[in-house]
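Protein chains in written order, with the working numbering: chain U, 2 to 114; chain X, 13 to 126; chain V, 21 to 273.
Don't take each hint at face value.
[Said to hold, decoys possible] Among the chain X residues that face chain V by a calculated CB cut under 7 Å, a handful are:
#1 L32
#2 Q49
#3 I73
#4 P74
#5 F113
[As the list claims (entries may be wrong)] Calculated Cβ distances over 10 Å to all of chain U for the following chain V residues:
#6 T129
#7 I133
#8 A170
[Stated by the list, open to error] Ranges between beta-carbon positions, derived for each pair:
#9 H76/X <-> D192/V: 21 to 31 Å
#10 Q119/X <-> S221/V: 48 to 58 Å
#11 G114/X <-> Y29/U: 51 to 61 Å
#12 C207/V <-> Q59/U: 42 to 52 Å
#13 L138/V <-> L35/U: 34 to 44 Å
Simulated from the structure, these hints should not be mistaken for lab results. Think of the CB as a built atom: it goes at the ideal place given N, C-alpha and C, for glycine as much as any other residue.
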Amino acid sequence: MTGLTTGPAAGPVTGPVAPHIAAVTTPYSVSPALMDTLQVVVLVLVAAGATAVVLTRQPVRQVIVLSGYGLLLALLFMVFQAPDVTLSELTVGAVALPILLLLALAKVRKKEE
Amino acid sequence: MHIFPFVVVAWIVGVGLYGLVTSRHLVHQIVCLIVVQSSTYVLLLGVGYVSGAVAPYFYDIPLHTPAVDPVVQALALTDVVVEAAVTALLLSFAIQAHKRFGTLDPQELAELKG
Amino acid sequence: MRPAVRRWVFLIAGAGFVAFYLWGLTGLPGFGNYPGPYGDIINSVAVAQTKATGVVSAINFEYRGFDTVGEEFILFVAATGVSTVLRHLRGERDRSALDEALDRNAPPTSDAIRMVTLLFTGPTVVIGWYLASHAQTSPSGGFQGGVVLATAFILIYLAGQFLVFERVSPVDVTDAVEAVGAAGFACIGLAAVGLGLAYLSNYLPLGQTPGAVDSSGTIALISFFVGVEVAASFVLIVGELLEQTLLVRQESR
Numbered sequence: 002m003t004g005l006t007t008g009p010a011a012g013p014v015t016g017p018v019a020p021h022i023a024a025v026t027t028p029y030s031v032s033p034a035l036m037d038t039l040q041v042v043v044l045v046l047v048a049a050g051a052t053a054v055v056l057t058r059q060p061v062r063q064v065i066v067l068s069g070y071g072l073l074l075a076l077l078f079m080v081f082q083a084p085d086v087t088l089s090e091l092t093v094g095a096v097a098l099p100i101l102l103l104l105a106l107a108k109v110r111k112k113e114e
Numbered sequence: 013m014h015i016f017p018f019v020v021v022a023w024i025v026g027v028g029l030y031g032l033v034t035s036r037h038l039v040h041q042i043v044c045l046i047v048v049q050s051s052t053y054v055l056l057l058g059v060g061y062v063s064g065a066v067a068p069y070f071y072d073i074p075l076h077t078p079a080v081d082p083v084v085q086a087l088a089l090t091d092v093v094v095e096a097a098v099t100a101l102l103l104s105f106a107i108q109a110h111k112r113f114g115t116l117d118p119q120e121l122a123e124l125k126g
Numbered sequence: 021m022r023p024a025v026r027r028w029v030f031l032i033a034g035a036g037f038v039a040f041y042l043w044g045l046t047g048l049p050g051f052g053n054y055p056g057p058y059g060d061i062i063n064s065v066a067v068a069q070t071k072a073t074g075v076v077s078a079i080n081f082e083y084r085g086f087d088t089v090g091e092e093f094i095l096f097v098a099a100t101g102v103s104t105v106l107r108h109l110r111g112e113r114d115r116s117a118l119d120e121a122l123d124r125n126a127p128p129t130s131d132a133i134r135m136v137t138l139l140f141t142g143p144t145v146v147i148g149w150y151l152a153s154h155a156q157t158s159p160s161g162g163f164q165g166g167v168v169l170a171t172a173f174i175l176i177y178l179a180g181q182f183l184v185f186e187r188v189s190p191v192d193v194t195d196a197v198e199a200v201g202a203a204g205f206a207c208i209g210l211a212a213v214g215l216g217l218a219y220l221s222n223y224l225p226l227g228q229t230p231g232a233v234d235s236s237g238t239i240a241l242i243s244f245f246v247g248v249e250v251a252a253s254f255v256l257i258v259g260e261l262l263e264q265t266l267l268v269r270q271e272s273r
């Protein structure tokens, strides 16, 4: 297949764009500027959250920061118009994962005593 | 705005890998792996987004309203739940390693033999 | 390699990797300029074809149902893996839960926590059940509902009652429930083969109103089985970890 031998394009797709690729508007859309601002703000928060999770070296504190990061991710998925993924991330990232991690940490700490 | 989400994805991958490489505690490493995996969710949803569209649920909106791509949402959704189970498996490995070797420091574990 | 040297080597190599990754990502059509026909096609035909208004669940359990079978079995295998890896090693023994509860000298759970968690257990079960059985209507589905259902059992443990947690979810029963969930999904697909259609085709009546509880055929049924299986596997995993933390003890030499 010919397309696989060339590398990625050097920039965003330029040239005439098919009509359905331009921004659509529905009766339920908010103004694009507002949506863009919201998305940029939440993306910056998510990047900061990821940095905070990695830079917290103590495992127990890191679990709490991970829970907050899960909440931020859920907010990001909501702003990307994906409510199903938001539900999953909320239940898993803020509840199930911290429980598993804290139980493992309790087991390890008990051995050290 | 056209590439900003992808810049954030690359940033999260880089930061997560940095934490993975310079970690001194197995559970800290596992959490950094979770962070790296979360970048793929952002990438999937970023690829499928349509500007100005709504979520693909037509229960209370008219049928042919333009909506975002539902396929990547289906992928990301099962991905999130499966990640938790795989993390549990990794944690059980960490517990057994601690029982056998007494330490959770990956740089010390690399030097142990047998 | 000393940690400082390792850090610098990674920073150089990592920067190069991230730059290369970013270069590849800029070849995409840009955020918001979705070109592909697949999403638009599914959005326009899914409701008419499956009578399910939740298009994401329709994709998960019908259009790409085969992928979901695989993912569910990843969950199943992970729960089995946790039980296997955390088996008793040589030199460990199990205290019975009753002995452990009697001579724990941890402070008893405060009444506030106990009241709040016990109050929330009932609504959590109802919400989990609702989420698992309404996949075709709104943003819900088997996976989310299953995790919420598992949270209800964890709330019982948090109220300070590990004994009750053990009694409410004994390992054999949870194992059986998880197996029924996983096998149920696979068998619904096999029943389609038995009827002469392709594996996991939708052969149940599709119903009249899109998005009603009895619409969309096998999607609602599969979602319910998936919810049961996800809940059981999470309860198993948490039960194993709790047993390790509270009950398994190294035999003193």
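Going through the hints against the structure:
Interface hint at L32/X: violated, since its Cβ lies 9 Å from the closest Cβ of chain V, which is beyond the 7 Å cut-off. A cut of 7 Å between beta carbons decides the hint on Q49/X: the least distance to chain V is about 14 Å, and the hint is violated. Because the closest C-beta pair between I73/X and chain V is about 9 Å apart, greater than 7 Å, the hint is violated. Here the hint on P74/X is broken, as its CB sits about 11 Å from the closest CB of chain V, past 7 Å.
For the restraint placing F113/X at the interface with chain V, the shortest Cβ-Cβ distance is roughly 13 Å, beyond the 7 Å limit, so the hint is violated. At the 10 Å boundary, the C-beta of T129/V stays outside the reach of chain U, the nearest C-beta of that chain being 15 Å off. The Cβ of I133/V sits about 15 Å from the closest Cβ of chain U, beyond the 10 Å cut-off, so the non-interface label holds. A Cβ of chain U approaches the Cβ of A170/V within 10 Å, the least distance being about 7 Å, so the stated non-interface status is violated.
The given range of 21 to 31 Å is broken by H76/X and D192/V, whose C-beta atoms sit roughly 51 Å from each other. In this structure the supplied range 48 to 58 Å holds for Q119/X paired with S221/V, their Cβ-Cβ distance being about 53 Å. For G114/X paired with Y29/U, a C-beta distance near 59 Å keeps the hint of 51 to 61 Å intact. The hinted window of 42 to 52 Å between C207/V and Q59/U holds, with their beta carbons roughly 47 Å apart.
As the Cβ distance of L138/V to L35/U is approximately 43 Å, the hint placing it in 34 to 44 Å holds.
In summary, the structure is inconsistent with hints 1, 2, 3, 4, 5, 8, 9 from the numbered list given earlier, while agreeing with the others.
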